[in-house]
Each structure stands twice: as structure tokens, then as C-alpha cells.
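Number of protein chains: 4
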Amino acid sequence: MAGPNGADYPDRFWEETRMKIGFVGLGNMGLPMAANLLAAGHTLTVWNRTEAKAAPLKAKGAKVAATPAEAARGAEAVFSMLADDAAVGSAVFGKEGIQAGMSPGALHVSSSTISVALSEKLAEAHASAGQRYVAAPVFGRPAAAESKQLWVVAAGPKQDVERCRPLLEALGRGLTVLGENAPAANVVKLSGNFLIASMMEALAESFALTRKSGIEPKAFLDVFQSVFARSPIFETYAQLIAEEKYSPAGFKLKLGLKDMELVLGAARGAEVPMPLASLVKDQFLGGVAQGHGDLDWSALGALVAERAGLKRGT
Amino acid sequence: MAGPNGADYPDRFWEETRMKIGFVGLGNMGLPMAANLLAAGHTLTVWNRTEAKAAPLKAKGAKVAATPAEAARGAEAVFSMLADDAAVGSAVFGKEGIQAGMSPGALHVSSSTISVALSEKLAEAHASAGQRYVAAPVFGRPAAAESKQLWVVAAGPKQDVERCRPLLEALGRGLTVLGENAPAANVVKLSGNFLIASMMEALAESFALTRKSGIEPKAFLDVFQSVFARSPIFETYAQLIAEEKYSPAGFKLKLGLKDMELVLGAARGAEVPMPLASLVKDQFLGGVAQGHGDLDWSALGALVAERAGLKRGT
Amino acid sequence: MAGPNGADYPDRFWEETRMKIGFVGLGNMGLPMAANLLAAGHTLTVWNRTEAKAAPLKAKGAKVAATPAEAARGAEAVFSMLADDAAVGSAVFGKEGIQAGMSPGALHVSSSTISVALSEKLAEAHASAGQRYVAAPVFGRPAAAESKQLWVVAAGPKQDVERCRPLLEALGRGLTVLGENAPAANVVKLSGNFLIASMMEALAESFALTRKSGIEPKAFLDVFQSVFARSPIFETYAQLIAEEKYSPAGFKLKLGLKDMELVLGAARGAEVPMPLASLVKDQFLGGVAQGHGDLDWSALGALVAERAGLKRGT
Amino acid sequence: MAGPNGADYPDRFWEETRMKIGFVGLGNMGLPMAANLLAAGHTLTVWNRTEAKAAPLKAKGAKVAATPAEAARGAEAVFSMLADDAAVGSAVFGKEGIQAGMSPGALHVSSSTISVALSEKLAEAHASAGQRYVAAPVFGRPAAAESKQLWVVAAGPKQDVERCRPLLEALGRGLTVLGENAPAANVVKLSGNFLIASMMEALAESFALTRKSGIEPKAFLDVFQSVFARSPIFETYAQLIAEEKYSPAGFKLKLGLKDMELVLGAARGAEVPMPLASLVKDQFLGGVAQGHGDLDWSALGALVAERAGLKRGT
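Residue numbers (full-length UniProt numbering), protein chains in the order written: chain U, 1 to 314; chain E, 1 to 314; chain B, 1 to 314; chain D, 1 to 314.
No copy labels: a pair is met if it fits in one copy or bridges any two.
Subject to a maximum C-alpha distance of 25 Å in a straight line, what follows is the list of computed SDA-like cross-link-like pairs (lysine to any residue):
no.	residue 1	residue 2
1	58	148
2	245	144
3	20	76
4	60	28
5	311	222
6	218	240
7	60	169
8	252	147
9	258	28
10	254	87
11	20	43
12	258	211
Hints in this document: simulated from the structure, not taken from any laboratory.
The shape of chain U in the complex, shown without the other chains (with noise of 0.2 Å):
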């Protein structure tokens, strides 16, 4: 049987790695992942509530359980990927739930977007079971999931995030591993959510504001995909705020204040409100009235970071 990288291992390695695994949520994105543990040989028991959405996977050979804890019984690893807080809560401590099902020293791998209120309540809750707890949500829709193009973030104790990587593994296209402290990978992947819904806002201020100046959408369309989608450009600017680096100033701080109040001059010429244009603006001129003037305009990470009460480089 052929490994990773077309190398030939023996059968014994394959016994080692192929786990039992148990999975609780069949939706647009559990479906498809789960379909990917069984595709990379692992043994899957399943759980949907809607029993009728795992009639692909039982084609495939996966058992289909009756309850999430019948899912966990036995398993070495049982993954959870539900819609919210309610639904993993229910699943995870309900009668018949997740924990009731594992056996002690098993791992739960929570890849819902939730609350880090609550997986931290899941890595109490675990540890004080003497079970196991990686928090490990994704990126990427469910035709990403499809296509094994997800991306993992994944956090939790050092030996347990190593057990399940060949898992997470065969879930996408990569994995970033987020420490130790499990919550830290929710954190990340709201993280994320928030930069899309950010730059979302931006781009619906940018064209109501291009609309209204007589500019075709598909024009500025064309403008973003070739300036900023396929360059860079973001990434620069989130190398220079990870790294503090805001000195010497590609683009002066008080020139992007200069800059966001042409934005807004235009926005009242033209009639649009942009809330966030105004937002930014402030920030700058909260910058500049502050001393920080020459700065490079990523400063903002500074100014964000100190009202935040953190001191540079912690």
C-alpha cells in the first residue's frame, strides 16, 4: 500500500495508523470531512441527527450510531462539527452525549466554531474525566471540505495534538498549530471570521461609494482582483503589525489620515455613509494628535494594541 509520497510502508505501519475513530455531525461541512477520515483508511462511527444524512458514509463502510455516545464509545478520537454552542453542548454533556461515551484517556476534537466560554468548559470538562481535549475548527467551505482544502487550526496538550495531526492531516491542504491552551484555536478562527466580515464592510462602503460616483461594479471589481486579491499587499501590512515593525514609515501614519479624509470628502460629495472609512479616520487622527504622526500608517496595530493594555513585544 502506497504512503504519503507514493513510498511504499508495510502493512504493520498502516495497523499503527489507521484509528478508530467516532464522528458527531453530518452537515454540509461534518459530511465531507468524515468522508475524508474514511477515504484515509481510518474505521468511522457516525452520528447525525438526522439519521438519513449518513447513508453515504455507511456505503462507504462507516457504522452509523444511535446516539453521539454510542459515536464515542471505543473510539480513540471522536470529532464534534456542529452548528453552535447549543448543538456541541447538548452533544458533548447531554444523556447519551460524547463524554458519557468515551473511555478515559480517548480525545475529543471540537472543529465547530464555538464559543471559547465553551471550549474552555470542554477542556474542564475533559480533563476532569481523565479524557483528552483539542479544540482544532477550520477554514473553508463546505466545497473546500470536499476537496480536502481546508485549512486547520489546531491547540491543545503538545502529545495530543500530535496523535490526531495525521487526522487533521487528512482533513485539508494544511494545519497551524496554536499552542497548547485548547480555547486558543477558537480564538483564531473567529479570528478569521472577523477579517472576512471586516473586509466585507470595506468593500460594501467601497462600492456604494463607486456606485454613487458613476463607477461600474464590474470595473472596480477589476481594480481589487488585480491590486489587492492577487498580491501581497494585506500580507505586508500584517507582517509589519505582527512584527511592531512601524519604523522607518513606508506610507506615514498622517498621511493616511490625509488620505481617509479625501475618502470621506468624497463620500459627502457623493452621499454615502461609510461608517468604517470614518471609523479609520479617527484612529489615524487619534494617532496623529498622540505624537505618532511618522509612524508607518500600520501603527494602527499600536494604537489598537495599547488601548487594548498591551505593551510592545509582549
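Using the hints, position chains E, B and D against chain U.
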């Protein structure tokens, strides 16, 4: 002599396309732009407030003028690339300014990042003097200008844009034409800078949240690079907003609201003020309150447009 | 014995209106409130986490209970006045809590500033135990509580509010009844605190702007006192918004926009970020963009209501 | 002849205090203001773009000028009360404008709500022409102007303010002098309008929240009138911010944060976007994050001032 694509062209062709150009403003951006025009075979007369900056171009054959008017005199096209409205205003309208030097029928190509109002004034002033005007600001930093990697956005009367197209193509890797109303190009340039500033605010808040949650900035940067920077994710949303295609939902607006609430919950726990997250949350909440919770979350585009008094599809 | 207004009443009257009351929570607010109930002739049994605080009431004849349940036992009405949701939750629902002590038909008067969600839960819990519940939070600081100058906002089933009306009137200078749904009183209390916080933000930005413009804080305070604090100006606008009477305009929304732009211009000049001014400016700009520029500027009320999905006159 | 308070004054006194005044701008505000100056015994020459508006004043003895310059000619003081910067600019600086008509040493009293920039320009222009300038905008609506209930805020060189003090006192119920720098009065006038707009936004959000929570607008209005409009509550907070007296706390900033979270929780439940509540919440959260949670919640004043680059006590 080798033309584009390595093909040979008769000398006569180059006689015709080699133009007599004035270039006003040799700062970090102007200098490499002028150098690229020179390298493309055009004849340049340049002016800069500090004349010393012109030395490298003089060494390559450019003439150095004593005033903007002198740089413009006899030129088919004169570029201006200056710091702000004040600098452009005085270089164009001042005594011995560009306009005074331009012949009737000559073309002013304005590449500076200036206000829409000044661009409108330039359009009118040149028109009433029988002169031509194209706004052609550029995206990219000095390094991109040097390596001919700028992206140019141009607007103005069609024949004028076509006339200077070879010049604009000599400046960068591509060009988007935004119609016949010159100030439209300035709106688009400003909108682009607004998108960058918005992304920086989003990144600043995300890094503050993740840092205070104990996550290494490098780890979050790795996620940003892997998931966002080199993926079509923002492009996909830009397209949905450009096409106002908010249904069927890939990810429902009401789930976007839920996620922003989880973000703000995490921010509360870590004590990180995230004003942009609050803004986006309130936008989603308004969308849900108005009955749009089942649209795609990119319907932010519709909410913002509605507040701007725009109708669908206009 | 002297009744209200110093008039003499026969003893029999006082027999009937003197009630047996429990009072849970003797902090800065609770202590003077309980003292006023005692002074009005009622019989009190009080409980506080730190029993020492009860001493002044004990000296005036109150009984001191060992648990909230004991304070509630046998009382016709039991007040709670505690710090937050957690304190109220445990004092009511805990072992030896208020609910356990209350007789069927007895009334819980909740005066704490708590969440709407907890108030809803209290309403349900008491109803299902055959007990009565009125939410009656108060406006005023400790000094106002001592001098009987609080303002009470009460909501709950009509007969229950009427039953405790004499008690509520003994606490302050007046009372507004807000209908039969108890949590409505909590919404109003929270809205009141929001109005104060908003006014403080507006004042904070105004003082920052005027100070940086070289104006003595005392001089601006004098204007505030003379023009706003003792005039019906805010009341007038509250009335216009309550009645949705946005036309004819006393001062047009588009002039409001103009003035907010002048404010932001002054703020730019003085380098003072004013996020609330930006917010209000964007609201007015949205109003103008949507064609409401000729309405009174109080039509902010309509813009906010529309975004909340409210219809006019509902 | 009877002086103020009905006392008799010798004719000579009135010779000195009766002034020759020009008045430019007879709109809703200007007309009653001019009438009050006339009623106070001064000699008036008035100008208005639409001359018909001057009829009631003509009937009472005012002269009607054909141009602003004519109204200003020979006057000791000339008032302007016009709609906006553009109207003031052309009435003052235009051909046959106020400045052209004013004698050296004559005083321009500018009562319009104009930009700080224009007020600065007026101060310079009059100074360089040997003329005097006082900014004296007013608070109050037309009805207040008619009943002499305006409040005037004046700034300018001390002797000039004193010179026109009797005129300003004839316009309203009181006057605050804001120092010798004329534009300061315009900053204060604009700040006042900002306070009103902010209160309206706060009211708009509160009414939306309470309406959607099932509370009659009239009931919430009653609370507003009883608790806020006729009480010193806002004044108290204005004083704390003016004096930067944030400790000891009457109500802690961290409790303010808690209450704003409860407000936003209620707003979420009722589906009401409250952007101002979000803004204030984020301010409080920043305060807590920076270690100021135990200060009084009015320390919003300090947070805003710090972002403006102000030092304590300056």
C-alpha cells in the same frame, strides 16, 4: 529595435510613438516613473522643487526645467506626481505653472493621490483652456514603481486615455480604464487606500485579540498567510457584492451575526476593545432586524448601499 | 401617629397599610431604601451577606435574618437590591434563597439593575411557584436614596404593582409604571444608564475639543449649565422622537449634517478624535442620502428605528 | 427716559449707549435679534438678500440698505447672522460687502454658526484692515430669539467684547465670554450643537430599544422627563469631567461596562442595532483594559482626552 513581444518594428513606428513628455514631481514615486518613461524611449523634460533629485534622469538624457511651465512647454503630455492637493494646485495653477506652459490640445496626466474636488477643478480648468486632462493615479509603492509593477487606474475622455495608454502601460504591469469622467479614477484610488486601511484596522484588532489570548503573533500571521493572503477568499466576496448576488446564501447573515457576537465575547473575556467588530456586528444585527437574516452575509453590501440611497442594480 | 403631610390618622389605618416586608441586600443603595421602608411604618426583616451592615436597621427595630429565605419567610413582599445578575441569581435561587422562603402569593420586588434575561427568568420562576413578581429598579445615587429622591420604574401584573405601590412611593419622589411585562422596567433602567453614558461620551469629546482649542473647562461648563442642563432642550427633542413628529422641521437634518461637518472640521484642526461626532455625522449623511434632508434633524429617531425594523407609529 | 429696571437716566447716558448698528441677515433668527436691538434703543440699518423681509423693522424705524456695505457704513458695530460659511463669506468679502463698508475701528459681530476656519479668516482680515471682530454665536431657536431668551457665547479682544456687551445682552437672557480668541466662540457653539445631536442619537436608540421591547414611547418619555430632563444629573457629570475628578468613584467604570453589556444584551434580544451603545461599551472596555476600571465611569473624559493627546489638567 525590438518592440513588445520581441518583434522587430521599423524605425518609422518608433518615430511615431516616441512622445515628447513633461514630468513634474520627482519624489519616491515620480522619479522611478519618469525613469520608466525615459527607458521606454520617450523624450523627457522634468521639473522638481529640489532640482538635485533630477540628476539621475539628466544623466540618462532628460532635460531639466526651471519651472513646471517650462517642463510643460511643447510637451504632448505632461505628468504630475506630487504629494497632495496643495502641491498639485500650485504646480498647475501657480505662476509658471503647468497650465501656463501647456499648448492647446496638450494632455495633462495627473497621477497624484488628490481629492475628487481638485480633480474636478483640473478637468474644468484644462477644458476651458482647450487642453486635455486624464486622471491616472497608481497603486504600488516605490519599489513597485521601480520594477514597473504599478497598477494604473485611468479615467478621462476616451481619445485622451487612448492617446496616453502606451505611456501608462510603460509605468506598470497593468491598467484599468474607469470611464470618461476623470475624477472617477481618483475615487477608485482613494477607495483602494481605504481598503488597505480597513484591512489594517481589522488586522490590528485581530492581533490585539489573539495576543491577549496568548497566541504568538507569528502563529496568527501564519494563519493569515495560509488562509487569506494567498487565497481567492476576499475576491469571492468582492464578486458577490459587485454582482449583488446575496442569495442563495453560502453562509447566512444571521450566522455572521452569531460569529461576530462570539468574537465580541472573546474580546470581552480578553479585555480588548474591537470597534470594527462592534460596527460589523451592528450591521449584521440591523440586517437581521430588517428581515434579511437568511441572505448571504455578504448582503452587508446591500445594507450599506441602501443607507447610501442606492437602489439595487444601479 | 402622623401620616403623610403631617395629618393624624387613626391607628386602624396603619394596621391595614403597615406591611410585613423582607429586604435582601444592604449595600449603598439597599440600606437607605430599607431605612425608608422602615420609616414609613413597615415591619422589616433584612438580610445582607455581611451582617454588620444591618446594625443601623436593627437599632431602628428591623429583624436580621440569617439567610435570604429567612428574610422572605412570612413576608407579604420581599425586596432584592443587589450588585448584579450573579448576586441576584444566587440570593433568589440558591439553597436558603428568597424563592424557597416566599409563601405562595407573596410578592418579590426586584430593584437591582439586572439583565432582561434574568428578569424574564425570575418572572417565570415565581409564576410557576404561585408567587408574584414585580421589577422595580430605581434611578438615583445613594444620596438620593437617603433623601427619598429616587425615581422608581415598575412593571408587572397590574394588581401586583398596585399592591406594592405604597412601598415604591416610600422609596422616592415618584414612580412610572411601564405595563404588565416585568422585564420592561429593566429595559428602561438600562436605557437610562445608557443615556447617561452617552451624554458623558458627548461631554468627554466636547471638553477634549474645547480644551485643545484653548477654552477653559470652567467656561464650557458654564455654557453647558446655562444652555442645556437647566433648560427643556433635551426634553423637547425627546418629545419629537417619542411622537415621531419630524415635520415641519424646526432645524433641518441637512443643516445638522452641515454642523456636524463643521464640528469634525474643528476637531481635525485641533487634532481631537471624536468618534461619536463621526457616528452622528454618518447618521445624518445617511438621512440626506435617503432623501430625508428636509425633515427635522430629530428624524435621527426615524433612521434608527428603521434600521431596527420598526414601522412608523408602532 | 426709562433705563433698565425702569430707573430714570439722564439723556446724556443714552447719547453714549445708544449705538449706530448695521445688521446683515434677517432670517428666522436675524429678524427677531435685530428687532431686539431696535427695541433696546439702538439705531439700525439692515440688509437682507430678500429685501421684503426687512419691512417689519422698517416700520419700527430701521433704515434698509441696498448692500451689506451700505448697512455697515458709518456703523459702530455691524452684526451678521447668515445661513452658512458661503453666505457669510460673500456678505463680508464680496464687492459691496461688510468689510468694504466698515470704518477703521468699527466692530463686526459675527453671530452665524460658521466654521472655525472662516472665523479665523474673518479675525485676520478685519485685523489687517484696522477693524475689530468679535464672534458671538447664539444658542436658541427662533422663538427664543423673539422672547429674548437666547444664550450668547462671545469671544474676541477684551475691549471689543466689552464694547458690544450691552448689545449682546439685549439679545438674550445671558452671555458667556470665552476669552480673547474669537474662533473659540464658534468652537463652543458647534460643540453645543454636537451635544444636542448626540443626545438625539442616544434618545433615538433608546426609543427604538424600548419600543421594540413593548414599552409605550409616552411612558419612556415620562421617565426621561422625570429623571433626566429636569434634574442636575447631566450637570453633575459635566462638572466631574470639567474638573477631571474621576476618583473616588460614585459609580465605577467597570460597572458602567457591565451595564452597557446589559444594554447590548437587551438590544440583541429585541434586535435593535445601537451603534452608540457599542461605541460607549468599547470605550469602557478600553478603560478597564488599561487598568482604570475602579475610577468613576465619568473617566470616559480622561480616555477621550488621552486619545486627543491632552495631558491631565491642561
